[in-house]
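Q: Listed in order, the protein sequences are those of chains E and Z. Here the first sequence is numbered in the numbering used here, starting from 22 and rising by one per residue. Here the second sequence is numbered in the numbering used here, starting from 4 and rising by one per residue.
Hints listed in this document are in silico derivations from the structure and should not be mistaken for laboratory results. Treat the hints loosely; a few may be bogus.
To be verified - In silico lysine-lysine, DSS-like type, Cα no more than 27 Å apart, as pairs:
(1) 387/Z / 339/Z
(2) 747/Z / 685/Z
(3) 732/Z / 72/E
(4) 700/Z / 72/E
(5) 112/E / 729/Z
(6) 321/Z / 101/Z
(7) 339/Z / 396/Z
(8) 112/E / 732/Z
(9) 563/Z / 107/E
(10) 777/Z / 747/Z
(11) 563/Z / 112/E
(12) 729/Z / 780/Z
(13) 354/Z / 321/Z
(14) 396/Z / 321/Z
(15) 105/E / 563/Z
(16) 423/Z / 72/E
(17) 72/E / 275/Z
(18) 764/Z / 777/Z
(19) 563/Z / 637/Z
(20) 700/Z / 105/E
(21) 112/E / 700/Z
(22) 112/E / 101/Z
Said to hold, decoys possible - Okay, the calculated beta carbon distance ranges per label pair:
(23) 295/Z / 56/E: 48 to 56 Å
(24) 274/Z / 54/E: 35 to 43 Å
(25) 776/Z / 179/E: 54 to 62 Å
Think of the CB as a built atom: it goes at the ideal place given N, C-alpha and C, for glycine as much as any other residue.
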Amino acid sequence: MNDKLNQILKKQQQQVDEPHKKEDDVIQLVGFIIGQEEYAVPILSIQEIIKPIEYTRVPSVPTYILGVFNLRGSVIPLIDLRSKFKMDPAKVTEDTRYIVMKGVDNTAGFVIDRLTEAIRIKSSRIGPPPETIHAEKGMVYGIGMRDENILTILKVEQLLKRDF
Amino acid sequence: MEDIQEILEDFLVEAFELIEQLDQNLVELESNPDDLELLNSIFRVAHTIKGSSSFLNFDILTGLTHHMEDVLNKARHGDLKLTPEVMDVVLESIDLMKSLLHAIRDSGNDTSVGIDITDICRRLDIISNGEAAANVVVTAEEVDESPTPTYEEDDNTDYSKLSDKEVEDEIERLLKMRKEEDRKRKENTSATKAAAVPTPSFESLKDNDEEIAPKAAAEPVAAKRASAEANAPAKKESASAMEQTIRVEVKRLDHLMNLIGELVLGKNRLLKIYDDVEERYEGEKFLEELNQVVSSISLVTTDLQIAVMKTRMLPIAKVFNKFPRMVRDLSRELGKQIELEISGEETELDKSIVEEIGDPLVHIIRNSCDHGIEDGATRRANGKAEMGLIQLKAYNEGNHIVIEITDDGKGLDPDLLRSKAVEKGMITEREADAMTDKEAFALIFRPSLSTAKVVTNVSGRGVGMDVVKTNIEKLNGIIDVDSEVGHGTVIKLKIPLTLAIIQALLVGAQEEYYAIPLASVLETVRIPLDEIYTIEGKNVLRLRDEVLSLVRLSDIFGVKQVYEGGEHTYVVVIGLAESKLGVVVDTLVGQEEIVIKSLGDYLQGIEGIAGATIRGDGRVTLIVDVAALMNLAKGITVDIRASAEAVVKTKTVPSDYIVLAVDDSAMDRNIMKKSMEPIGVKVLEASNGQEALNMLKSAEYSIDAVLIDIEMPRMDGYTLAGEIRKYSKYKNLPLIAVTSRTSKSDRLRGVESGMSEYITKPYSPEYLESVVRKNIKL
Numbered sequence: 022m023n024d025k026l027n028q029i030l031k032k033q034q035q036q037v038d039e040p041h042k043k044e045d046d047v048i049q050l051v052g053f054i055i056g057q058e059e060y061a062v063p064i065l066s067i068q069e070i071i072k073p074i075e076y077t078r079v080p081s082v083p084t085y086i087l088g089v090f091n092l093r094g095s096v097i098p099l100i101d102l103r104s105k106f107k108m109d110p111a112k113v114t115e116d117t118r119y120i121v122m123k124g125v126d127n128t129a130g131f132v133i134d135r136l137t138e139a140i141r142i143k144s145s146r147i148g149p150p151p152e153t154i155h156a157e158k159g160m161v162y163g164i165g166m167r168d169e170n171i172l173t174i175l176k177v178e179q180l181l182k183r184d185f
Numbered sequence: 004m005e006d007i008q009e010i011l012e013d014f015l016v017e018a019f020e021l022i023e024q025l026d027q028n029l030v031e032l033e034s035n036p037d038d039l040e041l042l043n044s045i046f047r048v049a050h051t052i053k054g055s056s057s058f059l060n061f062d063i064l065t066g067l068t069h070h071m072e073d074v075l076n077k078a079r080h081g082d083l084k085l086t087p088e089v090m091d092v093v094l095e096s097i098d099l100m101k102s103l104l105h106a107i108r109d110s111g112n113d114t115s116v117g118i119d120i121t122d123i124c125r126r127l128d129i130i131s132n133g134e135a136a137a138n139v140v141v142t143a144e145e146v147d148e149s150p151t152p153t154y155e156e157d158d159n160t161d162y163s164k165l166s167d168k169e170v171e172d173e174i175e176r177l178l179k180m181r182k183e184e185d186r187k188r189k190e191n192t193s194a195t196k197a198a199a200v201p202t203p204s205f206e207s208l209k210d211n212d213e214e215i216a217p218k219a220a221a222e223p224v225a226a227k228r229a230s231a232e233a234n235a236p237a238k239k240e241s242a243s244a245m246e247q248t249i250r251v252e253v254k255r256l257d258h259l260m261n262l263i264g265e266l267v268l269g270k271n272r273l274l275k276i277y278d279d280v281e282e283r284y285e286g287e288k289f290l291e292e293l294n295q296v297v298s299s300i301s302l303v304t305t306d307l308q309i310a311v312m313k314t315r316m317l318p319i320a321k322v323f324n325k326f327p328r329m330v331r332d333l334s335r336e337l338g339k340q341i342e343l344e345i346s347g348e349e350t351e352l353d354k355s356i357v358e359e360i361g362d363p364l365v366h367i368i369r370n371s372c373d374h375g376i377e378d379g380a381t382r383r384a385n386g387k388a389e390m391g392l393i394q395l396k397a398y399n400e401g402n403h404i405v406i407e408i409t410d411d412g413k414g415l416d417p418d419l420l421r422s423k424a425v426e427k428g429m430i431t432e433r434e435a436d437a438m439t440d441k442e443a444f445a446l447i448f449r450p451s452l453s454t455a456k457v458v459t460n461v462s463g464r465g466v467g468m469d470v471v472k473t474n475i476e477k478l479n480g481i482i483d484v485d486s487e488v489g490h491g492t493v494i495k496l497k498i499p500l501t502l503a504i505i506q507a508l509l510v511g512a513q514e515e516y517y518a519i520p521l522a523s524v525l526e527t528v529r530i531p532l533d534e535i536y537t538i539e540g541k542n543v544l545r546l547r548d549e550v551l552s553l554v555r556l557s558d559i560f561g562v563k564q565v566y567e568g569g570e571h572t573y574v575v576v577i578g579l580a581e582s583k584l585g586v587v588v589d590t591l592v593g594q595e596e597i598v599i600k601s602l603g604d605y606l607q608g609i610e611g612i613a614g615a616t617i618r619g620d621g622r623v624t625l626i627v628d629v630a631a632l633m634n635l636a637k638g639i640t641v642d643i644r645a646s647a648e649a650v651v652k653t654k655t656v657p658s659d660y661i662v663l664a665v666d667d668s669a670m671d672r673n674i675m676k677k678s679m680e681p682i683g684v685k686v687l688e689a690s691n692g693q694e695a696l697n698m699l700k701s702a703e704y705s706i707d708a709v710l711i712d713i714e715m716p717r718m719d720g721y722t723l724a725g726e727i728r729k730y731s732k733y734k735n736l737p738l739i740a741v742t743s744r745t746s747k748s749d750r751l752r753g754v755e756s757g758m759s760e761y762i763t764k765p766y767s768p769e770y771l772e773s774v775v776r777k778n779i780k781l
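One chain only, chain Z, in its complex shape (with noise of 0.2 Å):
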């Protein structure tokens, strides 16, 4: 029983790719009609689903493809012209098989669907007998087909009344059911029966070849099995191609892929880990060693990421293959001339896009056809060629792809775009005015508009492109489009190659640092605030030519404000389908590549979250979902100069400042303490410096200066100098350092650490009470 389910599995993993096939060489096959090879091919496709479809008894199937085989036979011997009205037959039948299909893989069986053949294969019959009937010569080998029974219902096909042609027929389908069985282990049982099969000829599927090798009657079986087994390869039809292939669950690839992230993860911790260590232990002979191990494991690792990426690669012909059949159907219905040209379509990508790339792609060809590409007349009259032209390209461009769609139609015209932009109310007619033409093409991924003047069967509904821009976006994709009236239209769709493990452009907002996938990331700059504008209540900034709304990203995410950013601020410019936001963020920290891990259940849906990532510190840091960010953008109406400016100075006397004393010794901090009376400020005491850190850490004083120890139990001054610096927050606090260490060395330290001040014992109070005021302005 087991072995029949996985005999079915088989066979219909290689039907579905088979058909895929068929349609293919179909539509090819109406432009070449002439194209024997091309026939041949097609005919042998068919043949081998119809031989393992009546193997596993599914009649109903087999039937089918007994008549369109009848069809195909027909035009392989030249008795039967293919027109398109006999390709439409053809290419329905071929259709009908696929929802049989889909019908065996759901169900197990074809009959439960209840799909009827009848129609379909009288009119297949009706060309196969009637188009032979009308051709003058009518062979007697066709004379004798025309009873022919609907499909070989078992084995014992009274063979002595077949013609040659069907004789060749059950020996394929007899080789291709040795083939399954050999599967089983049940070689025996037919191995007599097969050789009691008269054989009189045999067809080599290998040499693509009509002529029909004659041999002998009484072949071995072993030599007839072997050469069935050295057919199944050349099957796959890529006859140049006999690559070595093994499927494997998308499942375990996942996993892979899970594993290769924490991998990457641990790689980013080691180098940082190295980074630290180097800094630390400068010029020792063990660094060398240690650089070469972290560096080789870094390179072993990235080289592994890829090669795992390339095993969920797909080639994008996967999605392409179905458009020339579309395309052609399309202007069938349309009474169009329409030309589909695909280039690139060997460009691969990740599996899980190329299932998500789909539909955007068919809505946006649909359009071209119907709204782009204009009827004959219209082309005839405005001096272009009658055949409509649609190009379909992919390339690689760095960690993206870009599939571009062309037509050469009549364009899209921003005016009209505008006009009916306010017409529906999406926008107001200032804001209208205000739009450049790329903009107004951008309106056409608005839901629910459409310049369509009449609703089609095809497209009119103003859905698609709604469609198209929800599905780039879950990608991180970009989407340009260009177009130019009369000319045709551009449609650029930038996607990046792989989810999992993505590059990052990692920004910090005040004390937190978030994550935005670079591929969303247009550009950054850096800008006075001055520049920043306040139209209607929102900030924009000018770009170049462009005006660019402007959000801070502490605002999104309600960051607290805990330092003011100077006179300068960086803006991120990010990117998405059609548009643009400037986010300001206070630091830019770098590019880094990040593994995609979710919050877990309990966090999902965040909004403005996509997922979160482990640095090479071992912190936790969030990834932004940019779509979301740009919704959210909208609903924030902070005045960002007006913000950064009024940051109001609360401290105005002597008293209001906090100085915080690290030392060990009472009687040192005692010193301090009494140096710094005349100034009037407040004294905090901390006896180590993991103390003084927590005060710092937990802000329950604003401290405005620290006067630190160096020689100090638990930490000492030269690292919590170093852990201070690691807020942002106290990246202009003043730190001080007073210690009886004098030589240049621990000087050098303390500057290395970060400490502004150095202060070296026995000082004067005065000495001492003149270095703090100087550092805190007073």
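With the rest of the complex left out, here is chain E (with noise of 0.2 Å):
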């Protein structure tokens, strides 16, 4: 009786993990633009994203972090991605939005130029980061491989660190 019912156990534990197992190698992510490059976060690091909304400048800041923004009720910092990785400022358009990224202890908003779709990539397929680009900063998590392009899937924590 008790074998059969750790059999039965055992089998149901089995039938649980293993589609665990199966998307353990699959990564999903969320795919933007900024400038000419596509960039990706994992899905689960990121809040939510959001329209353009007003925020207030903070004084005394580097220039990418725009200023804090309300997000019901919380007040968030705005950073600008743009900026962050030294390209030329853009206006805001119809596509502009803010991704709003969770961490640890963080949490805060990324300018980006537009969305582009959510990405399931093999693990495998992810490489390490160059060492040419943001490396110094540790920001890329690594290089996805797609058939048709190339992402920089970055990491979430570094982005969200303070580096000031």
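These two chains come separately, so use the hints to put the complex back together.
A: Shown next as structure tokens:
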């Protein structure tokens, strides 16, 4: 009796575990464009994506910090990724979005030019970051190889780290 | 196991409370040695601690309390006189008890810290035995008592050998134990034991009297338990106040406070929306109802906020209580006679403030004792009473609590302070000469300035007052010092009642808004620019009989200068601790209740910013950190008057001017363009309100006038005008309505929405031209 029960339980456990294992291999990302390049961040690190709203400038901070905005009662910093990646500033367009990312103890909004799509990518297709780009600040998690293009996958924890 | 933990926690909370009370009562007793009631209550408190600590097997603590109890017992029976020397030892043992309790709290037992009580026990014994021996009347009871066991080790004490008094103690101890055990729901085991105890007498704690009420030996167990429980509240000693209270974790209150904060924001928002709606739908019936709902919600929210704030309030007695003991010790140490008079200790303020205010007060009072009050001989020579007096007073003043520390000592000598400060190189001699006496008094808050000739154990190192200043600044408080040589010193601390939700003055610096805590705002004045003078590169304003440094808020925060203010400007005079500063702002928005929100880890510690708040319109407004602002202001050397006057007119020829034509019809825009050709200005076009607004917002062009059609898709002309007027830099931008709507009400609406001119179609090109010319002054 006991053995039988154990067997059933084991089977059940396997069923629970297996799809999980499969998913472990695939990483889900959200892709977006800044400048000419496509970037991506893990979908689980995104709290929400909103249309541009008004923000308040904060004095004596680096220029890439645009200010703070009100997200349903929370005061959240707004960071311009273009400026952070040392690209030329661009105007706010119809496609501009704020991606609100959540880390362990920080939440911040990031300005991006436009969203692309939700991406599923096998972890085997993600290579280490080339040493040249942004590597000095460790902002890049890896490079995702896709059929038609490549993706720069950003490290959210690093983006949310205060570096001034 | 968990039960024990719970009991232990209860024990600690109770014990700390009791010891504090003990401290207070003992000091009171010293001045009133014949107060038998007081002595009794002290004895009972000590006894309670002994009882519960022995139950929890804290042998060292029990031993110590036992010895102390012996002394108190003698005193209670009139066999021992409580001299200051005896008191010293008793108070010392109380300090030791405190350390033991701390050790128990931290490590769970009283043995691990290695606090040695043998010495103090010996001294206590000497007092109780020695004094007793010197006494002529030695009662049998005392003889009996000398070989007292150090403390009751266990329940198997041989009751037959105990004196009446000790039996009484034992019963009380057992009752206490019973109470604890009730909580554990293990009544049955000890019930039999308790019943077996011979009970010749029973002391009723409730009737604060000494008489022993004899009761039947075989009291029913249940009745005893009931009376033990009835005794519990009475032991709290505030005999009259049988208040029903509940202990709540501070964390929960904090959470509640946060939620209320959200609610206050919501309320502000609702009020703002109601204002907008009221304007738009004037006279509509539903407004009345809406008005009722909004006002009742805002009323309830305010009440709720006050109610929750009150739950966090503690009487300042919590802090004041430790001072009688401190002053007593200090006066003995310094060999002076000092009396401390406390009033207003029932005044309440927020728990977090109560915690912060203790240290500054300790420093101020120590200073008063050491430097303020002179020794007896000097006082006599100066014709003062030998006994020095320090008054500690607390009272409410609006949204503030004021704590006043007054001493009748020798007072502060402003000249001595000036010369000391010059000597130490803190100020130049010129500055010293220019200083008023008040400013000179404020010098005592500078670090490392001490007028004490000798550094004593108590003070004189020049650190204390700096601590006072830092802590009070942290609380957004204000310090005021007043003194008269030979007569004494008054130090006033003015502190806001609460920290989480505050009243703030909202000000505008160019395009941006900031909130200044109202607690730090002394006054606001409107001044003409030519009243600002420059002294040694600093802007100053003569305000009544004071000279005030001025700084522009927009210079401190690096706000872009987009428009000039005109001939008048507003100055917000802020004060913190002992210093003052005039902050020049462009607009005063008004007073509002704001909820302080943190900027989060990412933006923490930005100089000059204390936090943020969300306003009624949903926008974030930054809260100024007044202390940091004062520091930042020192580094700013912009000549306000010169820079305000030197706004150079960059536009000289007509082609520098830009007019924006907003109309959905391309033909109409062309007509406008044609009409303005003779002026020679540049014309930009926008096909709807949204587009025009975006152009203005982007600030790519500096637009000098806008021609606005009313009927447009996406955003109509009225809305556009209203939106434009929200920006302070466009407050004076000419907005010219060009429309076929001719009715009077349309015109009126145009004026309401902020249009400066109203032209009806069809119009002659010359007329439009002349209107534009007039408005851009060409």
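Q: All the hints need checking, so say for each whether the structure fits it.
A: Outcome of the hint check:
no.: 1; hint: 387/Z / 339/Z; result: 13 Å, holds
no.: 2; hint: 747/Z / 685/Z; result: 32 Å, violated
no.: 3; hint: 732/Z / 72/E; result: 26 Å, holds
no.: 4; hint: 700/Z / 72/E; result: 17 Å, holds
no.: 5; hint: 112/E / 729/Z; result: 22 Å, holds
no.: 6; hint: 321/Z / 101/Z; result: 16 Å, holds
no.: 7; hint: 339/Z / 396/Z; result: 22 Å, holds
no.: 8; hint: 112/E / 732/Z; result: 21 Å, holds
no.: 9; hint: 563/Z / 107/E; result: 23 Å, holds
no.: 10; hint: 777/Z / 747/Z; result: 23 Å, holds
no.: 11; hint: 563/Z / 112/E; result: 19 Å, holds
no.: 12; hint: 729/Z / 780/Z; result: 23 Å, holds
no.: 13; hint: 354/Z / 321/Z; result: 10 Å, holds
no.: 14; hint: 396/Z / 321/Z; result: 14 Å, holds
no.: 15; hint: 105/E / 563/Z; result: 22 Å, holds
no.: 16; hint: 423/Z / 72/E; result: 61 Å, violated
no.: 17; hint: 72/E / 275/Z; result: 23 Å, holds
no.: 18; hint: 764/Z / 777/Z; result: 19 Å, holds
no.: 19; hint: 563/Z / 637/Z; result: 20 Å, holds
no.: 20; hint: 700/Z / 105/E; result: 23 Å, holds
no.: 21; hint: 112/E / 700/Z; result: 11 Å, holds
no.: 22; hint: 112/E / 101/Z; result: 66 Å, violated
no.: 23; hint: 295/Z / 56/E: 48 to 56 Å; result: 54 Å, holds
no.: 24; hint: 274/Z / 54/E: 35 to 43 Å; result: 41 Å, holds
no.: 25; hint: 776/Z / 179/E: 54 to 62 Å; result: 58 Å, holds
Going down the numbered hints, you'll see the structure goes against 2, 16, 22, while the others check out.
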